[in-house]
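Throughout the sequence shown, residue numbering follows this note's numbering, covering 1054 to 1151 in sequence.
If you are wondering where the hints come from, they were derived from the structure by calculation, not from laboratory data.
From the three backbone atoms N, C-alpha and C, an ideal C-beta is built for every residue, glycine too.
Treat the hints loosely; a few may be bogus.
[As the list claims (entries may be wrong)] DEER-style ranges, computed between Cβ atoms: (1) L1133 <-> M1083: 21 to 27 Å; (2) E1142 <-> K1119: 30 to 36 Å; (3) A1144 <-> V1077: 18 to 24 Å.
[Said to hold, decoys possible] Derived lysine to aspartate or glutamate pairs resembling DMTMM-like cross-links, with alpha carbons at most 25 Å apart: (4) K1117 <-> E1142; (5) K1119 <-> E1142; (6) K1122 <-> E1142.
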Amino acid sequence: MLNTSFSRFRLISLIEGLSYLILVFIAMPMKYLAGNPYLVKVVGMAHGVLFILFCIALFQVMFKCKWNKGLGFQLFVYSLIPFGFLLIEKAIKNQNKD
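Construct all of the structure, not just a fragment, from the sequences and the given hints.
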């Protein structure tokens, strides 16, 4: 399954997106509502590493699949919003139909 840069990118995108949701909707409320900042430190660090891996995987798949810079920028912007990984998956499927 993970033998191509495209499949690795899809997996990293999913995991990074889920880590973002955990950070925003679980860890941040725990910090501000329950006064427990530890979860933000752990999840925030994991999300940061996953985001860097996402960016590296995005560049790899852009070059190997010969995607244009506009699509790469679009996918990067999608990664910045909650649930953006779903938009990334949709954009990838539309790209593969062409």
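Outcome of the hint check:
| no. | hint | result |
| --- | --- | --- |
| 1 | L1133 <-> M1083: 21 to 27 Å | 22 Å, holds |
| 2 | E1142 <-> K1119: 30 to 36 Å | 20 Å, violated |
| 3 | A1144 <-> V1077: 18 to 24 Å | 21 Å, holds |
| 4 | K1117 <-> E1142 | 18 Å, holds |
| 5 | K1119 <-> E1142 | 17 Å, holds |
| 6 | K1122 <-> E1142 | 17 Å, holds |
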